[in-house]
Each structure stands twice: as C-alpha cells, then as structure tokens.
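Protein sequence lines correspond, in order, to chains A and B. So the first sequence is residues 1 to 723, counted in the numbering used here. So the second sequence is residues 1 to 723, counted in the numbering used here.
Careful, some of the hints might be misleading.
[As the list claims (entries may be wrong)] So, partial list: chain B residues that the calculated Cβ filter (under 8 Å) puts toward chain A:
| # | residue |
| --- | --- |
| 1 | Val311 |
| 2 | Val543 |
| 3 | Leu641 |
[Stated by the list, open to error] Distance windows between CB atoms, simulated:
| # | chain 1 | residue 1 | chain 2 | residue 2 | range |
| --- | --- | --- | --- | --- | --- |
| 4 | B | Glu207 | A | His470 | 55 to 65 Å |
| 5 | B | Ala614 | A | Val413 | 51 to 61 Å |
| 6 | A | Gly415 | B | Ala518 | 30 to 40 Å |
| 7 | A | Lys293 | B | Gly620 | 49 to 59 Å |
| 8 | B | Ala671 | A | Arg591 | 53 to 63 Å |
| 9 | B | Val312 | A | Ile84 | 54 to 64 Å |
| 10 | B | Tyr331 | A | Gly514 | 38 to 48 Å |
| 11 | A | Gly514 | B | Gly620 | 54 to 64 Å |
| 12 | B | Glu207 | A | Asp25 | 58 to 68 Å |
[Claimed, not checked] To list a few chain A residues with every Cβ distance to chain B over 10 Å, as calculated:
| # | residue |
| --- | --- |
| 13 | Asp25 |
| 14 | Arg56 |
| 15 | Ile60 |
| 16 | Thr128 |
| 17 | Ala389 |
| 18 | Phe499 |
| 19 | Ser503 |
| 20 | Leu512 |
| 21 | Gly553 |
| 22 | Gly606 |
| 23 | Arg619 |
| 24 | Leu640 |
Quick caveat, the hints were computed from the structure, so don't treat them as lab data. All values reported here derive from a predicted model rather than from experimental measurement. Backbone N, C-alpha and C define an ideal beta-carbon position, used for all residues, glycine too.
Number of protein chains: 2
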Amino acid sequence: MALVWLTVPTSGALAVAFALWLARDVLRRDVGTPEMQRIGGMIFEGAMAFLQRQYRTIAIFAIVTSVVVGVLVGIFDESAEHGILTAVAFLVGALASGVAGYIGMYISVRSNVRTASAATRSLREAITVALRGGAVSGFLVVAMSLLGVSGIFAVYAGILGNSITETPFLIVGFGFGASFVALFAQLGGGIYTKAADVGADLVGKVEAGIPEDDPRNAAVVADLVGDNVGDCAGRGADLFESMSAESIGAMILGISIFNITGDKEWIFFPLVLRSFGIVATIVGILSVPFFTKGDDQDPMQPLNMGYYTNVVLSIAGLFLTTILMLGDNWYWFFFCGVVGIVTGLAFVFITQYYTAGAWRPVQDIARASRTGPATNIIMGTAVGFETTAATAVSIGVALVASYMLGSQAEIIVNGQEVNEVALGIFGTAVGTMGMLMSAAYILAMDTFGPITDNAGGVVEMSGSPEGARHITDRLDTVGNTTKALTKGYAVGSAGLAAFLLFSAFLDKVKELKGIDLAQPIAVDLAKVEVFVGGLLGVMLVFVFSAMAIKAVGRAAGSIIEEVRRQFREKPGIMQGTEEPDYARAVDITARAALREMVLPGVLAVGLPVVVGLAFRWIRGGEAGWESVAGLLMVGTIGGLLMATYLNNAGGAWDNGKKFIESGNVTDETGAVVKKATPWHAAAVVGDTVGDPFKDTAGPSLHVLIKLLSTITLVLAPLFVEKV
Amino acid sequence: MALVWLTVPTSGALAVAFALWLARDVLRRDVGTPEMQRIGGMIFEGAMAFLQRQYRTIAIFAIVTSVVVGVLVGIFDESAEHGILTAVAFLVGALASGVAGYIGMYISVRSNVRTASAATRSLREAITVALRGGAVSGFLVVAMSLLGVSGIFAVYAGILGNSITETPFLIVGFGFGASFVALFAQLGGGIYTKAADVGADLVGKVEAGIPEDDPRNAAVVADLVGDNVGDCAGRGADLFESMSAESIGAMILGISIFNITGDKEWIFFPLVLRSFGIVATIVGILSVPFFTKGDDQDPMQPLNMGYYTNVVLSIAGLFLTTILMLGDNWYWFFFCGVVGIVTGLAFVFITQYYTAGAWRPVQDIARASRTGPATNIIMGTAVGFETTAATAVSIGVALVASYMLGSQAEIIVNGQEVNEVALGIFGTAVGTMGMLMSAAYILAMDTFGPITDNAGGVVEMSGSPEGARHITDRLDTVGNTTKALTKGYAVGSAGLAAFLLFSAFLDKVKELKGIDLAQPIAVDLAKVEVFVGGLLGVMLVFVFSAMAIKAVGRAAGSIIEEVRRQFREKPGIMQGTEEPDYARAVDITARAALREMVLPGVLAVGLPVVVGLAFRWIRGGEAGWESVAGLLMVGTIGGLLMATYLNNAGGAWDNGKKFIESGNVTDETGAVVKKATPWHAAAVVGDTVGDPFKDTAGPSLHVLIKLLSTITLVLAPLFVEKV
C-alpha cells in the first residue's frame, strides 16, 4: 500500500526527466538555413522579451496581491498563521505557474525553426519535432502542478505539523496564485496575439496590399511572436491552474470521507491518479511516430492515435488507482472516472463537428457569405449560440451520471455511514480527475499549433522551397484543429470541475462556521442576495468579454500607427531596400497588451470581493457568502456557455473562410468561388470578427471561471460572519 | 373601504371607454389622398390577413395545449376540477390576449394613413394621431388584463365558490395562456417583420439597386405590414402577459400575509394599484398636446413630458393605494413602489444612453466602421455586452432595495407575526407593480413607432410633398427611440417580476407538498439537479436565440426568391409599367414566418417539461421541481442579460448607421462621411446584423422568460412528488 504514495514523487520526477529529454532531443536538431535562424532568432527574442516584461508586471501584481490576501485572511480569519501560510502558498503557486510557462515557451520558440528545417526534409520529422516541442510544455505544466501541490502539502503538514484535514484548506492559496497568473498570462497573451494579427492584417493586407507574412510588414514578427504568447504560454497557465485548483478542491472533498473512514487515500487520491495519468501520457506521446506512415497521410491521424493510446492507458491507470485506494466500492468511482474520460473524448468530437469544414455548421457559414458580410455574421452568431447545446448537455449528463454513480457506493465504518451527497460529489471529482488525466497530451497538441504556425511563417519569410511550405501548410491546418480541441477540452473540464470547486467552497464555509462537513448547507437561489449575486456573475461574464474584445481593438490601433509611421518615414521598406524595425513593433505591441490586460483583470478579481463585502455589510447574516456563492455558480454557468459561443463561433468563422479558400464552394453557375471575390471577402469579415472572440475573450473566460472558484475559496473568511 | 374595490371594474371600464373614444377620434380623421388610401388599404389588408392566419394557427395550438395541460394537471394534481379550471383559465387568458392584440392592431393599421395625411398639415396633428392610435392598443391591453384577471377571479371565487386563498392558484392558467399567445405572437411577428425587412433590402437595395420603400419592390408592402405585426401586436401581447402573470403572482404572494392578517387587501392590492395606474396614464396621454409647442420642437419632448406627468400621478396613486390598503406600515410598501417607478425611469434613460446617437457608445460604433465591417461588428458586440452592466446593476439594486424596504414592515396580528421573507418578497412585488403602472403609456409610445414608420412609407409611396416627408422622417426617428425604450422597459420589468414569479412558484410547490406557505423552502444551487437545470436554462436562452435568428434568414430567403421571380416574369415592373403582386409577397412572408415560429416555440414550451419529468424520473424525490426551479431562475438571469445584449447591440448598430447618415462623422481630412462610401457600407452591415437581434430574438426572449415562469407555475404538479 505504501508503494502507492511513492508514485507521486516518482511520476513527478519522471515527467520532468521526460520533458528534459524531449527538450534536449528538440534542441539538438538541425536549425536550418542562416536565414531561418535569423528569423527564428527575432521571434525568439520578441517572445522572450514580451514574456519577461509580462512576468515582471505579473510578479509585481502577485506580490502586492499576496500581501493583501495574507493580511485580509489573517484579519478576517483571526489567525496570523493562516494569513501567512495562504500568502506563501499563493506566491508558490504563482511562481510554479510562471516557471512552467517560461520554460515551455522557451522550448516552443526554439522548436519553430527546427520544425521549419525538418519540413524541408519530411512530414514525419516535422510532426515529431513540433509535437515533442509541444510536449515539453505539457509535461512541465503537469509536473509542476503535481510537485507543487504535493510539495507544499508535505511542507505544511509534515514539517509545519498541520493536521491532514486542515492542510488542504491552507494550500488553496496555491490554486489562487496559479489562477491569478493564468488570468493575466491569458489576457495579456490573448490581447497581444490578436492585436498583432489584426493590426498586421489591416495595415498590411488591407492598406498596403502586401500578402500575409510579408517581410516588408513591420508587424509580421510581432504576429509570429503573438502565436506563441497567446496559445502556448496562455493555455499552459490555464491548464496549470485547472489541475492545481481541482486537485486541491478534490482533496478538500475527500476530508469528509476521511473523517469517517480514517483512510488517507480519500484525500490523496487525486495526486496518485494524476501520477498514473502522467505515465499514460508519456506512452501516448512516444507512440505517435509508430502511427506516422508517410507524407500522404493526414497528419491529424497519428496525433489522434496517440491520444487514443493515452485514453486507453488512462482507463487502465484509473482502474489500478481506484482498486488500490478506494476500498470495497471502488468500482463505482472507476465508472465515475470513465464518465470523465469519455466526456473528454466527447468534447474533442463535438468541437470538431462545429468547427471543422467537413460538417454542416461551417458549410452553412461559408454559403451564407454569398449575400455579404451581414449574413455571414448572422449565421456565425447563430451557429455559435447553437453549439452551447452540446456543451451544456454533455456537462449536464457527465455531472449527473458521475454524481449518481458515486452516490451508489456504500461506506460504513464503525456503524457510521458516509452520506450520499459527499459520495456523489466525490464522484464528480473523480470524473473531473479522469478527464484531466490526458491534460499533458492535450496541451502538447495545443502547443503543436503555434509551433507549426511559426514554422510556416519562417519557411515563408526565409524563401524556402515550395515543398517545405506545402508541409507546413498541412501542419498548420492540423494545428488549427488541435488548438480548437484544446479550447473545447478546457471548457469541458472547467464545467465538470466547477461543481467540485463549489462544493469545496461550501466545505470551507462550513469549516469557518464550525459546522460538521457532513451537514448540508444550501445556496438558496430564491433568496434575493443569491439571485442578485447570480445576476452580477453573468453580468461579469458579459462585461469582462466586452473589455477583452475592446482591448484587442485598442492595442491593434497602436500597432497600426507604428507600421504606418515606419512606411512613411522609411520609404525604402516597400521597395525592399530597407528593413523595417521589427523589434520596435514587437515592443509597442507588448506595451499595449500589458496596459490593456489590467482593467479586465482587476474587474475579475475585484467584483467578487466587492459584491461579497457589500452584501455582508448591507444585509448581514449569511448574505455575504451567499451572494458570492450565487455569483460564483451562476457566473460559472454563464461563463461556460459564453466561452463556448465565443470559441466555436470564432473557430467556425475561421474555417468557413478556409473552406472557401480550399475551393469547396461553388456559385449558382457551378464555378468555384475564388479568393478576393465579394463572397470570399464576406467570409474574411467573419474570420476577423472571430479572432478576438476565440483567441482573447473565450480563453480568458475559461480562466475567469476558475479564478472565481479559487478567489472565493481563499477569501471565504471575508464573507462569512463568525458566530 | 369597500369603495376601493369598485375602482377595479370602474377603471377597467374607464380604460375601455377611453380606448373607444380614442379609436373613434382617430377613425374620424382625414384619410388623405386616394393614393394614400390605396397604399394604406394594402397594408391594412396584409396586416389583418397575417394576423388572422397567425391567430388561427395559435388558436389551434392553444386549444390543443389547453386540453393537454388540463389533462396533465388533472392527473398529476389528482383533481379533475383543477385540471378543468386551469384549462379554462388558459383559454380565457389566450383569448383575452388575442382580442387585445387584434383590436389594437386594427386601429394601428388604420392610424398610419391618417398620420400620413396629418403630416401634410402639421407636426402637432401628426403626433396626436399617432400617439392616440398607439394609446388605443395600450389601454385595451391594460384593460383586458385587469378585467380578465379580476373577472376570472370573481367567477372562480364568487360563483364557483373556491376560497379566496385557493383561487389565485387556480387562475395561474390565465397567465400561462397569455404567455403562450405572446410567445407565438412575438416570434411570428418578429420573424415576419425582419424577414420582410431583410428580404426587401437585399433584393431591392442590393440586387436591383432601387431605393428603400420603392413601389417597384414587391416586398415593400410586406415590409410595411411587418412594422405593425412585429412591434405592435407582438409587444402588446408581451406586456399583456407581463401584467397578467405579475398580478396573479403578486396575489399568490399576498396569500401568506392574508393567512395571518385576514385582510383581503393583501391579495387584491395589485388589481387596485393597476386601476390607479390607468387613471394616471389617461391624464398622461391627454396632457401631451399641451406640451406640443410647434413644428420646430423635438417631437420627443412632449412625449417625455406626458410620461413624466404619468409618473408623478402614478406616485400619487401609489400613495393612495398603499395608505388605503396596506395597514399601519403602508409607507414601507409605498417606498417599494417608488423604487419600481424610479427603476422604470432609469431604464428609459439607460436605453437612451446606449442606443441614441448623442452619446459615446453609438459614436464609437460609427467611428469603428472606418476600418470596415469587421471592426464595426466587433465594437457593436462589445458595446452590447457592456450594456448588461447597467441592466444588471439596476435590477439588482431595485430588488435588494424593495426587498429590504418591504421586510422592514412589522405586521403582528393576535401575537402572530408575518415573517420577514414574506414581507420582503411582497415588497419586490409592489416594486414591480409600481413599475408597471405606466405600462399603458409605454405601450402607446411603442405603437407610435410602427404607426409613424408606416406613415413615412405611405408618404413616400404616394408621392406626397417634401414637407410631409420631412415631418414623418422626424417622427420616425422618435419612433425608433420609443421602440427601444419599450424594450428596455420590458427587460427591466421582466427582471423585477422574475423574483416575484419564482416566489409564487415556490409557494405553489409548498401548497402541493402541504407545507405551510410561511415556511421557507430552498432551491439549493449546490445540488447537482439544480445546477444542471440552471445550465440547461441558460442553454435554452442561447439555442432559442439561435433558432429565432436563423428563422429570419430562412424566411427572408423565401421572400427574396418571390421578388426575384416577379422581376423575372414581369419585366414591366422595373420600367414602372406593371405593378408587382404585393399581396402574394405578403402571403409568402406570412406563411414562412408562421412555419418558422413553430420550432423555437415548441422548444421553449417543451424543454422545462422534459427536464422536470426527466429529473423526477431519474433522480426522484425533490429533483423534479428543483431542476425546473434551477432552469427557471438561472435561465431567467441568462435571458435577461442576453435580451439586453441583443436589443441594445441592435439598437446601437442601427443608430450608428443613422449617425453617419445624418452627417455627424468626419474623416481624417475633415470631410463629412457620406452615404454609399465604404465607411457607411460597413455601418450598414452592422445595422443588418442587428435587425434580427433587436426585433426578433431579443423581444422573443422577454416573452420566453415570463413563459418559463407561468409554465412552471401551472405545471408544477407534474414535477412535485406528492407525499
């Protein structure tokens, strides 16, 4: 039995070692022609410069916030120790997230030229390099989360001597720190990437009439840098905090079962299960080359086969973990985990259906473009709204099924029975954990996207042979799909996790009020404070999205001005005799993005605190935490569906345009609709509208949802009147 | 004291008499030139033909639904009498809504030519005719609601001998019938109006290159008909069901206070307050000509002054009603009512800020159009999202304030005290009632919109003098504002009312479970069934909106084909030698709109029933009604904010375009941006996208929200397991 505990540090170390091995493998590879290296170098410098500046800003925010949080928790919880431990956990979580993001990003912007170089040789090699580069990020994120949570637990419980039931509540700050960094990383990265993209397009394609990725456009390097900072660093931070917050939340839920059974397994289960997930994912990643057949193959196929391998091994790992740890009734929880894993698969398929060209939704949008941009936008909006149905039904079925399966278990020790509700909620936690077992694989596929996208840019700008461009084009299409899948997966896991995080919040409230964790406590929607809290939660979702979308527009404006200035002051640029100042464009984009990320970030962090304190002050009694619970839960529902809409509408618009560009659409006369026709131009409008939706507002909402959970969990003492 | 009761039939009769007097006054007026009469005749015939066909369809649905509802309630409530009484109340509610809509519409499509004719003489006369025509509709709707609810109450209690505490539950079918008709009326009308508008524009302006309202366009009469059936009949049915459902809900809430005090006043208060509202509104309408000064005046000014008169008199009426009926602590409820009235005013101002050209939001959209349709859409979306803040905060403040004021009252009879929660909730009901006191005035202003819009079309098509066109143009601008205001008011009142309707639902659940109404009962968001119910509720909002938006696109397709066919088969149309077949275009639009209204309507009615029964069957116990409560409450929050977004984004896009057309925007060189420039074309895209948002999906969502309340209230026996 004791051997099970060893899996946690072992698999954590294994993940780090594997990531290092992958990194070494990628870095040893050929870096291509000098021209490729020059361009790769510019992207590398721009990305690292942005990341350093961004992390410096976030670090200042995080340090200030940790002090404020520590002081507030110390005062309201009437315990200086709680305040200090929470503040330290917050900083450790923030730091771990930053380190994982930084290293992952470092390798990612080193992999792009190597992928470009590999593309001059073979598709198979290019896939291997891009996937391994992405996997470095995936494994580091998982390892840092696992080692961070278990490490801080070991210190707080083992060294500082806190009890095993108290410690999970003390380390929630780790999750909050992680969400805090994730919010600003995703917002800043999301604004950067789309501001650069929209800015480069508007001033290059529209105003100057030069093609995409043209070296004469001063914003082109900023655009390539943006691919990395938005998708790679942002999503990594997003999944880092998902895993961390959900592990801690699930540990809290295990406490009420531990209180009766006395078995520590109920608390540590999430960490062990994640360890098995790591092993399953390593095999999955390593299996991909075996499924890669030749240059004619659809590159999505080996990636999918690796994912299926990972899924099958995850089920085996789940089987082992539940049977080893969860007692006689283990099989109910095994089924819960299977529900989670299947839900993960379902989200992968649903996202493909709604955003890939082979199916009706994208085709409808492509055809609606015939009558102009207005009908394109109307159809895309309707398709995006529709996609919420599959998301809501999948999450709903998964929650009800895992809850009902969990509550079937019967655990009776010394005549005391664990109540059905606690078991049901633990069931939803196991479901969530099951779904997140594949997180490293999904993240590897996600980072595959910006690496191949960048490789395409490098190939284009360095004037490489046609064959290489053909390979990177195919990889880029696959990268778009994998990026969309990750978003679907992130929404799905956020939906499943939401329920376990609420329950952890309520356990925290019970702990503060001195109520037995086994007692139920209601968040009554029929109370005016809960209802109004919910109303303000959904409002937050709308207003936060508006701010994120507007931020892109404003930041894009700064870039456009800069590129215009360079064209004006250096007439040689357009003739190709003078090189634009790429670094300055990168720098201006970075400044603008960092400036613009502040306001929505502050709103997200501030509103729950303001609402909770206002209701505590105005209405008193239970109104403080109840209003926050309403804001959290109803806001989560709104956020999940709004993110689904924004991500899928954006993805569908993007692929609607691509569907036309690939020559799949014919007009009344039977002729193929070409680029640069009004029909195609209408589809381009949809694509542009979708950019800030799917790459800034949507992904930031995933993080917002989980930030709401961790902030309320950590700041619960502010909202609960002690008896 | 007994005199107070007489106010209800008296003011109901007064409202009918006043409506008849207004109708007679309007119908006696000059009908203009023979050409005006010919065009007016076509609009009249088209509108009435659509309305008759629509009501025939709705009547069949309603009869079938009433039987199904009666049988289901009879079986599940184990009382044939309850089933029959509910079914009859449903039919009476449906019929009353239909009659009010039909007569109001009849007068409205008679007022348009008379307004056109008046416009050839003076602005003052044109305003008077249009407002009086609109007021017929407003007063009939209020009167039918008041007389319908009090009449059916009188029959069920007085003649059939049901107790005064039982009767409000028996007449909830009236509210459901009214919502049912409203849903289909608004959906059908909303689809009709925008399909005709978009279809006429695309095939006329874009394809054939002829101006708006050009008589050569076969869809032009359908377009003018659409203005009436969408805004006039739809919004009338919407407010009819608001008033009816909210009166009945407030009566239910009064029962628990009556149980302790024994004073019937607590139950009948809503009806008496409405009666005073009618008197206040009559004076408000009659005061408008006194504020009309001359042709240079902004026509919005006298309308606003009339509204303020109405508001001041409403406060006086509220003062009288509360002091006469609500005992020693009347003043707390007086303040609640004032909160509601002020909230109504706030919504009128908020809507103006976000959708009128004088302020930043609309100007931002106009300026964002410079860089093309994509930036126009992005900015409009962000502005629309932002507007949810003012809505959510206003509703939140109004609910908390009226709840807290109400709960301050102390009512102790024979040592028994009415509990704080019941008084607080009654306070929110009084707030809602206060806000709705001005409903007839708001509805008169709303119907003013389509009448002046039509008058403009009649003037244009009949080739009337320039001066008349100038007057109708100014009235049309005012009409757009008043239509937007009504939508803001409808959302605000739906938000306030939501809370009282939930509480009525919970009282119904208590009644079914045999629990004392004074006992609290929780809708616990932390339960999986409530959370998933809520998730499905917000999903319903998104999917319903998608369906409504898509329906417009499909129906517009049918019209475009028909107009193209007429151009092709009758080449004389374009030369002006042959007249298009307007009637056929009207007919095809009507068929398409009625076909398209079915699916979203069935989804809205069906989903709550399916969810409730599924949870009752799968999870058992309390899960049935709890899941429905979650769906209702969280769905309402989502629906309120989504409707706000759709209405305000649509309104802002529309006025963004108008802002440019009015010559308010200059380019870099300082030159005024003209029509038919790319800048203006980009703004037109936003306007077109906004059409189905603001005139189909948004208004239908208002009705959906309230339908959810009435359907769950009536079908509660299906979801509650009897002990």
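Now for the hints, and whether the structure bears them out:
1. Val311: 25 Å, violated
2. Val543: Check passed: Cβ of B:Val543 comes within 5 Å of chain A, closer than 8 Å.
3. Leu641: This interface hint holds because 5 Å falls under the 8 Å limit.
4. B:Glu207 <-> A:His470: 55 to 65 Å: The hinted range 55 to 65 Å is violated for B:Glu207 and A:His470, with Cβ atoms some 40 Å apart.
5. B:Ala614 <-> A:Val413: 51 to 61 Å: 35 Å, violated
6. A:Gly415 <-> B:Ala518: 30 to 40 Å: The hint (30 to 40 Å, Cβ to Cβ) holds, given that A:Gly415 and B:Ala518 are roughly 38 Å apart.
7. A:Lys293 <-> B:Gly620: 49 to 59 Å: About 53 Å separates the Cβ atoms of A:Lys293 and B:Gly620, which means 49 to 59 Å holds.
8. B:Ala671 <-> A:Arg591: 53 to 63 Å: 33 Å, violated
9. B:Val312 <-> A:Ile84: 54 to 64 Å: With a Cβ separation near 59 Å, B:Val312 and A:Ile84 satisfy 54 to 64 Å, so the hint holds.
10. B:Tyr331 <-> A:Gly514: 38 to 48 Å: Given range 38 to 48 Å: holds, Cβ gap about 40 Å.
11. A:Gly514 <-> B:Gly620: 54 to 64 Å: 33 Å, violated
12. B:Glu207 <-> A:Asp25: 58 to 68 Å: Once the Cβ atoms are compared, 60 Å apart, the range 58 to 68 Å for A:Asp25 and B:Glu207 holds.
13. Asp25: Holds, because the least Cβ-Cβ distance between A:Asp25 and chain B comes to about 42 Å, which exceeds 10 Å.
14. Arg56: For A:Arg56, whose nearest Cβ neighbour in chain B is about 29 Å away, the distance exceeds 10 Å, so it holds.
15. Ile60: A:Ile60 is indeed farther than 10 Å from all Cβ atoms of chain B, at 28 Å.
16. Thr128: Check passes; 37 Å lies beyond 10 Å.
17. Ala389: 5 Å, violated
18. Phe499: 6 Å, violated
19. Ser503: Not fine: 7 Å to the nearest Cβ puts A:Ser503 too close to chain B.
20. Leu512: Given a closest Cβ separation of 16 Å, the condition holds.
21. Gly553: 6 Å, violated
22. Gly606: A:Gly606 clear of chain B: closest Cβ-Cβ about 14 Å, beyond 10 Å.
23. Arg619: A:Arg619 is in fact no farther than 10 Å from some Cβ atom of chain B, at 7 Å.
24. Leu640: 7 Å, violated
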